[in-house]
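J.: This is what each chain is made of:
6 protein chains.
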Amino acid sequence: MFLHTKHLQFESKPEKPDPVYAHKLQELLGGAYGEMTVTMQYLMQGWNCRMSGKYKDLIMDIATEEIGHVEMIATMIARLLEGAPATATTKMAAGDPVMGAVLGGMDLQQAIVSGGGPLLADSNGYPWNGRYIVASGNLLADFRANVAAEAQGRLQTARLYNMTDDPGVRDMLKFNLARDTLHQNLWLKAIEELLEDGLEDVIAPNSLFDEEHAEHASAIWDLSEGTEGTQGGWASGPQPDGRHEFSYLLDPQPLGGVATAPPPDPALYDTYDGAMGEPKGPVLGTETGPLGKLKDKLT
Amino acid sequence: MFLHTKHLQFESKPEKPDPVYAHKLQELLGGAYGEMTVTMQYLMQGWNCRMSGKYKDLIMDIATEEIGHVEMIATMIARLLEGAPATATTKMAAGDPVMGAVLGGMDLQQAIVSGGGPLLADSNGYPWNGRYIVASGNLLADFRANVAAEAQGRLQTARLYNMTDDPGVRDMLKFNLARDTLHQNLWLKAIEELLEDGLEDVIAPNSLFDEEHAEHASAIWDLSEGTEGTQGGWASGPQPDGRHEFSYLLDPQPLGGVATAPPPDPALYDTYDGAMGEPKGPVLGTETGPLGKLKDKLT
Amino acid sequence: MFLHTKHLQFESKPEKPDPVYAHKLQELLGGAYGEMTVTMQYLMQGWNCRMSGKYKDLIMDIATEEIGHVEMIATMIARLLEGAPATATTKMAAGDPVMGAVLGGMDLQQAIVSGGGPLLADSNGYPWNGRYIVASGNLLADFRANVAAEAQGRLQTARLYNMTDDPGVRDMLKFNLARDTLHQNLWLKAIEELLEDGLEDVIAPNSLFDEEHAEHASAIWDLSEGTEGTQGGWASGPQPDGRHEFSYLLDPQPLGGVATAPPPDPALYDTYDGAMGEPKGPVLGTETGPLGKLKDKLT
Amino acid sequence: MFLHTKHLQFESKPEKPDPVYAHKLQELLGGAYGEMTVTMQYLMQGWNCRMSGKYKDLIMDIATEEIGHVEMIATMIARLLEGAPATATTKMAAGDPVMGAVLGGMDLQQAIVSGGGPLLADSNGYPWNGRYIVASGNLLADFRANVAAEAQGRLQTARLYNMTDDPGVRDMLKFNLARDTLHQNLWLKAIEELLEDGLEDVIAPNSLFDEEHAEHASAIWDLSEGTEGTQGGWASGPQPDGRHEFSYLLDPQPLGGVATAPPPDPALYDTYDGAMGEPKGPVLGTETGPLGKLKDKLT
Amino acid sequence: MFLHTKHLQFESKPEKPDPVYAHKLQELLGGAYGEMTVTMQYLMQGWNCRMSGKYKDLIMDIATEEIGHVEMIATMIARLLEGAPATATTKMAAGDPVMGAVLGGMDLQQAIVSGGGPLLADSNGYPWNGRYIVASGNLLADFRANVAAEAQGRLQTARLYNMTDDPGVRDMLKFNLARDTLHQNLWLKAIEELLEDGLEDVIAPNSLFDEEHAEHASAIWDLSEGTEGTQGGWASGPQPDGRHEFSYLLDPQPLGGVATAPPPDPALYDTYDGAMGEPKGPVLGTETGPLGKLKDKLT
Amino acid sequence: MFLHTKHLQFESKPEKPDPVYAHKLQELLGGAYGEMTVTMQYLMQGWNCRMSGKYKDLIMDIATEEIGHVEMIATMIARLLEGAPATATTKMAAGDPVMGAVLGGMDLQQAIVSGGGPLLADSNGYPWNGRYIVASGNLLADFRANVAAEAQGRLQTARLYNMTDDPGVRDMLKFNLARDTLHQNLWLKAIEELLEDGLEDVIAPNSLFDEEHAEHASAIWDLSEGTEGTQGGWASGPQPDGRHEFSYLLDPQPLGGVATAPPPDPALYDTYDGAMGEPKGPVLGTETGPLGKLKDKLT
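One line per chain: the protein sequences are U, H, V, E, P and X, in this order.
For the first sequence, the residue numbers in the numbering used here are 1 to 299.
For the second sequence, the residue numbers in the numbering used here are 1 to 299.
For the third sequence, the residue numbers in the numbering used here are 1 to 299.
For the fourth sequence, the residue numbers in the numbering used here are 1 to 299.
For the fifth sequence, the residue numbers in the numbering used here are 1 to 299.
For the sixth sequence, the residue numbers in the numbering used here are 1 to 299.
In short, the hints are calculated from the structure, not lab data.
Just so you know, these numbers come straight off a predicted model, no measurement behind them.
Keep in mind that the hints are not guaranteed to be accurate.
Using 25 Å as the maximum straight-line C-alpha spacing, the simulated PhoX-like pairs for lysine-lysine come out as follows [as the list claims (entries may be wrong)]: (1) K6(U) to K6(E); (2) K13(P) to K280(X); (3) K6(X) to K6(H); (4) K13(U) to K280(H); (5) K280(U) to K6(H); (6) K6(V) to K280(E); (7) K13(U) to K174(U); (8) K13(V) to K280(E); (9) K280(U) to K13(H); (10) K6(P) to K6(V); (11) K280(P) to K6(X); (12) K6(E) to K280(V); (13) K13(X) to K280(P); (14) K280(V) to K13(E).
Distance ranges between label pairs, derived from CB positions [to be verified]: (15) D201(V) to A235(X): 53 to 59 Å; (16) D165(E) to L250(X): 55 to 61 Å; (17) A235(X) to E211(P): 37 to 43 Å.
We put the CB at the ideal spot given by N, CA and C, even for glycine.
Produce the complete structure using the sequences and hints provided.
T.: Okay, here's the thing in structure tokens:
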């Protein structure tokens with residue numbers, strides 16, 4: 001269960017309105033790496049976490065913080081839109097270059113749909129959606145996604161930092177940048193700890209190493225012209241997991257047969273000249289199951 | 001420019017058809033962490049790479065390999081669908097439990113839309129889309145996303161490995177597992193090398209450290225009940241970036257003011273009682289620009 | 001079956017072209033509360049209506065009108081785009097502020113994709129989709145959605161009314177505003193009539209009142225800081241349905257246990273330390289069904 | 001800023017796992033009228049609310065509660081999935097009708113993607129998205145959408161109540177049903193209060209009545225065959241807003257001209273025979289603006 | 001403006017309910033090539049048509065018919081769902097294989113969301129959306145899309161025809177198949193007529209032939225291994241447009257330079273070693289425009 | 001398996017950067033008829049092709065070429081963005097009309113998300129998705145979709161050609177125009193050859209002519225006011241398939257019964273007055289199947 005305070009985690013107040021910047025800031029609210037994504041990603045990871053204790057508590061701490069970040073950005077956008085020429089006409093835009101520039105840069109739906117408020121969408125107007133998040137139940141795989149999300153988040157925040165010189169906006173972004181720095185460090189540290197605790201190892205998931213074709217876990221295939229890739233540390237030597245050696249396959253040849261699709265079911269009307277014969281029937285291997293016996297009895 | 005060979009990178013041939021498994025395998029083709037995602041993610045990263053040399057060549061090598069993985073999964077799906085009871089009626093499904101189980105587990109569009117072939121969609125029928133990929137231009141941030149994608153990819157492949165006992169399907173998945181192991185190692189190694197080459201550092205982007213509010217880059221806020229989080233290595237001590245110390249803020253108080261939205265433009269018809277006065281006009285600071293002078297002249 | 005007349009329900013002719021406004025008007029065509037939504041919402045409600053008679057006939061009357069509204073907006077957009085500088089270059093935009101303002105405000109796809117015509121998308125270019133509509137079969141629930149849709153529709157129309165001073169555009173919007181007024185009144189009246197006819201009551205659906213936990217149908221939980229909410233009419237007294245009393249729970253405490261997720265299936269590779277033991281198997285309760293007997297026999 | 005307690009608002013514990021029901025319950029989590037929608041709808045309405053006081057506090061109270069409902073449903077889904085035959089093969093499904101029925105009814109991504117946990121998607125696997133919510137700034141229009149959302153939510157909950165007989169699941173749903181009853185009453189009461197406070201009236205927005213074509217705010221057009229609609233209370237008499245009378249137009253004739261699209265820009269290559277002449281140029285009305293004067297000067 | 005009759009264009013009545021088939025039939029209602037697509041595609045083409053006369057009238061005739069086809073399929077789905085075990089429990093499905101097969105094959109949202117009615121979605125539950133349609137203004141390009149849509153539509157209808165033996169359902173599909181046959185012939189004929197009328201030619205658009213690099217309009221590049229393609233009629237001889245000859249380029253070599261991305265803006269934090277120098281500034285060519293003069297004056 | 005060369009198929013180098021044009025060019029990369037669509041459409045058609053030989057080889061040749069077109073457009077976009085004022089402030093835009101025009105026309109995500117590179121999205125920022133492609137297995141139906149796609153592609157390219165005068169951009173577009181011309185001719189020729197080879201006929205699929213209601217394959221129904229349609233060649237005479245005659249039905253009457261939905265399941269809470277009685281139960285016709293016998297035995 002959640003509780004809400006009226007105060008923002010950090011101040012979110014522009015010195016002056018700037019409706020064009022309000023448009024850009026949508027990326028940090030509803031973009032693929034915006035605050036909605038980390039909020040829901042961490043909440044779902046926390047609820048899906050299979051152990052009580054430090055990991056779950058940490059995830060829920062950060063998740064709960066991120067809801068407050070959505071609140072900060074949403075509030076900032078509404079304030080940046082104060083006094084925006086939202087209902088100005090084309091004539092007004094065409095007759096005054098300053099207004100033309102502002103109107104050309106605004107998000108139309110912030111006026112028409114939200115009445116001067118934020119949208120749950122990114123800076124191109126595309127709505128945030130649930131396929132952006134990952135909560136797989138495997139903490140190593142998920143924490144890596146978290147590091148990646150915080151890295152993209154800080155990168156976009158840094159770009160947006162350079163797109164404004166409003167001291168109030170920058171003050172909030174300086175807080176966000178610092179939190180993104182901390183959170184990158186945090187998930188990196190949590191990954192270390194998963195390994196120290198023996199819960200996971202370098203490769204996710206930490207399993208099926210005996211089953212996988214180990215002979216294909218070494219060589220990078222040189223499938224794009226040029227061999228500059230061989231100058232990297234990945235061209236030879238031990239791999240980070242300590243299990244494998246790197247190598248570079250410079251003249252790669254396909255190992256599989258020719259790619260073909262089987263004869264089609266005639267009732268699907270695929271174009272087919274019959275050259276490959278009839279399709280085989282599905283063999284579902286129920287010969288020994290109880291229904292197999294049942295069928296024998298009844299037919 | 002690309003060239004295509006007829007042969008698959010690795011054999012992709014089931015021993016027996018299995019239309020239910022063909023449904024599940026869609027996740028590896030068109031899911032958020034399937035082969036389409038890594039293909040387009042790496043291609044776009046390669047085309048967007050700002051340096052010639054080892055990194056770009058490596059990215060393009062792996063990207064080109066991944067197109068071939070899309071081909072392998074697509075071919076496997078078509079072969080698993082051979083002889084599927086695609087046009088069976090409800091009566092047939094209801095009258096035979098084996099067929100009922102198979103029909104209930106099939107992807108309807110693999111029959112109706114693709115005529116017994118694969119879709120560019122995931123195992124819930126949702127189409128692959130371009131917001132799944134990331135190619136930010138910052139190689140550290142992107143390589144982290146690549147590690148994360150390969151980790152999720154191997155995890156899903158491992159889960160799918162346990163959902164079949166067909167030797168042919170498993171043979172292909174053993175190859176995929178090995179490649180996902182290699183690619184995790186690879187991107188981890190490439191991240192190390194970015195740091196060794198001095199191109200990036202632990203935090204992405206490697207910049208704005210003087211601007212960000214450093215005092216907020218240390219403390220995890222205990223916003224979710226319970227203090228088990230303080231038992232982690234992230235509760236104190238140096239952070240992975242070597243710049244900051246970890247700490248835990250156990251009684252967090254909001255630092256910002258009350259969250260409020262400003263007085264609205266009356267022409268937008270937001271509900272408002274006028275208590276906060278009139279909205280201020282946007283102040284765009286053009287007083288000293290050339291248009292400012294122009295306006296002065298003309299008005 | 002439908003028939004079409006060549007004439008528009010109401011005139012839809014701008015005095016002058018205005019390609020920027022054509023962009024904004026997309027919201028009324030393909031937005032979440034645009035004409036496409038009410039068209040398809042009402043059609044699907046009508047086809048899904050379980051009674052012949054006045055309700056179904058009414059729904060189909062309004063639904064059929066709304067197709068004509070899509071036609072009106074689509075026609076208006078095409079006319080607003082007449083003579084638009086659709087193929088002007090960046091140089092032309094940069095060299096002439098009037099053209100710059102116009103080009104900056106245009107919808108790129110109206111030119112590139114539609115050749116100077118409307119799109120089935122909203123003012124941010126996002127396509128209309130079938131998840132926008134609701135046709136649940138419960139007329140009370142659906143008519144409420146209709147009132148809500150007409151209210152949002154009139155609100156957006158009013159905002160757009162203030163964004164133009166073209167007499168022709170305004171003439172059409174004056175018609176649309178009036179229809180949205182009528183349709184709000186209409187669905188409100190139809191809700192009244194559902195109650196008078198004894199088909200529904202205040203709460204949708206009008207059922208399961210004995211089953212629901214009635215003790216939790218009274219109190220608003222004060223989960224957000226501040227008690228201003230208690231100054232509202234919802235703080236005490238009878239509820240609109242006449243069945244319940246309002247109250248305000250000022251010190252809410254959670255009623256449930258700790259949120260945890262169960263031990264995972266090892267074959268899914270979730271991170272887990274085993275502390276919670278093994279997962280229990282699914283218990284599907286078929287012990288007494290015919291298959292249960294069958295299994296007993298066969299095994 | 002938000003805080004989180006470990007305890008659920010209400011218990012969310014099934015007596016027995018049921019992976020098929022876990023699939024259905026996704027609708028209440030990530031469907032268009034599920035808990036994610038009301039959570040984000042109310043949060044955005046609260047942040048976009050233009051007045052401090054009772055309305056804003058109420059909205060934030062309910063919004064904060066709804067985050068906890070997402071948590072309850074997410075926890076329930078994970079628990080329903082305990083021990084699910086997530087990695088069973090097609091052979092196992094085909095060989096045992098009970099398992100076949102269970103596997104055929106499961107959500108594939110709950111296993112492959114989430115490792116036995118919930119998704120941010122509906123019961124057809126479609127991800128939740130930000131276009132589902134409405135936060136227009138007009139409280140009347142938005143509260144109506146809230147009533148509608150709670151009505152659809154209670155309706156779907158009631159349907160799902162009948163799809164299970166698990167006492168634990170039903171216990172939670174009985175709480176949800178009661179909250180949905182309360183919340184319908186609540187938003188209905190809040191609408192009443194908006195009118196009593198003089199902030200809004202029956203029609204949203206409460207404006208532009210002098211501008212709209214009042215003569216078209218009365219008549220329902222009989223555009224669908226049959227006159228049963230005239231038997232309703234909407235056929236005559238005063239409208240709920242007290243401003244208009246209802247009437248029924250039984251022989252409706254279009255009021256507008258023929259729908260036509262204007263001559264196209266030749267550079268867009270629309271098919272056109274020239275019969276309508278040349279397109280007129282856009283007339284943006286800047287003749288008297290400062291740029292008009294500027295152009296005169298410079299050319 | 002549109003009118004509606006109560007009667008269906010053609011009977012749409014199943015002999016018996018079949019809820020599994022109701023799921024499959026969603027493809028014809030809301031799929032990419034279902035009735036919603038042709039309805040909206042033709043309506044938008046008609047409204048966007050730049051000539052009065054036979055083409056526009058034809059498009060509107062067919063478009064209006066297609067709305068009635070949406071109605072037919074929607075009605076059929078509701079009728080197929082009569083008596084569906086929509087609220088049956090998992091226990092019931094697991095305990096009775098017939099019910100298990102039926103429940104496993106049903107569309108969950110047809111019960112939970114629509115109350116036993118159709119959805120605006122395809123057979124995998126994905127909502128219909130406005131990006132499915134094309135209405136470019138160029139009739140040749142659009143009529144080709146129409147032929148393609150009718151071909152896919154008839155193909156899917158034929159596949160679905162084989163998935164039922166209900167005489168009532170088949171009776172309706174026989175009508176649909178016939179209409180799809182007619183409509184394919186129709187759009188093919190209309191393409192012929194566009195050429196006869198001199199409005200279009202073989203290639204769309206019928207323009208820019210002098211500008212395009214004619215030397216690259218002949219040769220198919222043999223970029224995929226194997227030369228079987230040269231056995232086709234497209235390997236040599238005149239092309240259908242009468243302007244070009246076919247040829248096959250068997251040893252294709254790239255004509256362009258190496259693919260590289262330019263030096264990045266430092267404020268975007270792309271990874272870059274500086275090897276390519278500084279980015280050049282944008283050159284927008286306004287030196288001679290009025291603003292150029294203006295700038296000169298004012299600075 | 002695929003291989004990659006470093007060189008582009010054709011040069012893709014603008015004379016000068018133009019960030020506004022980079023925005024427009026997104027349509028050719030990630031639009032519904034852009035290069036991503038034809039790439040994935042042809043690849044999936046090739047992998048789904050049911051015959052070895054000339055058709056499959058041709059499809060794969062063109063498919064492989066199209067990946068290289070994605071590369072060309074992606075490279076062009078990155079180069080057009082060189083030196084773009086990506087991080088300029090609103091003040092800078094408002095203070096300088098040239099910069100205002102440029103910033104107003106840029107794609108915000110090309111800066112914030114991609115760091116000056118391309119997106120997998122169209123010119124309105126909507127991501128490319130897998131529902132755009134068609135690969136049905138029926139080559140006639142698919143080749144028609146290919147002709148249609150190349151026609152729309154050339155049309156959009158032609159429109160974009162007129163939106164730039166940069167010689168480098170135009171040089172690339174001249175190549176693209178020529179390829180689109182060739183590919184239209186190519187798929188038209190391949191359709192001819194399918195007929196000559198006896199694999200398909202005029203109507204897709206070439207089947208079910210005896211089953212379809214042939215009496216409804218002739219007449220166009222005059223459902224939209226006006227009879228100009230009868231002036232077309234489709235009003236009478238033989239149809240292109242040689243099987244049918246065209247006719248025009250000038251006074252069309254519906255052939256079906258009244259559209260109604262059946263009595264609902266009470267547990268779904270649809271609004272219903274009981275006038276139509278009880279719903280009938282599903283009749284699944286298993287009376288003679290093995291389970292029918294089993295049930296008889298066990299009950």
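J.: For the pair we were handed, K13(U) and K280(H), check the Cα-Cα distance against 25 Å.
T.: Answer holds: K13(U) to K280(H) is near 14 Å, not above 25 Å.
J.: Taking only the CA atoms, is the gap from K6(U) to K6(E) under or equal to 25 Å?
T.: Since the Cα atoms of K6(U) and K6(E) sit roughly 21 Å apart, the hinted pair holds (cutoff 25 Å).
J.: Taking only the CA atoms, is the gap from K6(E) to K280(V) under or equal to 25 Å?
T.: holds, 24 Å
J.: Holds or violated: K280(U) and K13(H), Cα atoms, limit 25 Å.
T.: holds, 14 Å
J.: Does K6(X) lie within 25 Å of K280(P) when you go C-alpha to C-alpha?
T.: Holds - the C-alpha atoms of K6(X) and K280(P) are around 24 Å apart, at most 25 Å.
J.: Quick one: are D201(V) and A235(X) within 53 to 59 Å, going by C-beta?
T.: holds, 57 Å
J.: Could you say whether the range 55 to 61 Å given as a hint is met by the Cβ separation of D165(E) and L250(X)?
T.: holds, 59 Å
J.: Between K280(V) and K13(E), does the CA-CA distance stay at or below 25 Å?
T.: holds, 14 Å
J.: Check the hint pairing K280(U) with K6(H) against an upper bound of 25 Å on the C-alpha distance.
T.: Between K280(U) and K6(H) the Cα gap is close to 24 Å, so the pair holds against 25 Å.
J.: Run the distance test for K13(V) versus K280(E): straight-line Cα separation, threshold 25 Å.
T.: With Cα atoms ~14 Å apart, K13(V) and K280(E) stay inside 25 Å; holds.
J.: Are the Cα positions of K6(P) and K6(V) separated by 25 Å at most?
T.: Holds: K6(P) and K6(V) sit about 21 Å apart, inside 25 Å.
J.: With respect to the beta-carbon atoms only, verify the hint that A235(X) and E211(P) lie 37 to 43 Å apart.
T.: Holds, since A235(X) and E211(P) (Cβ atoms, about 38 Å apart) stay within the stated range.
Of the hints listed earlier, there is not a single one the structure fails to meet.
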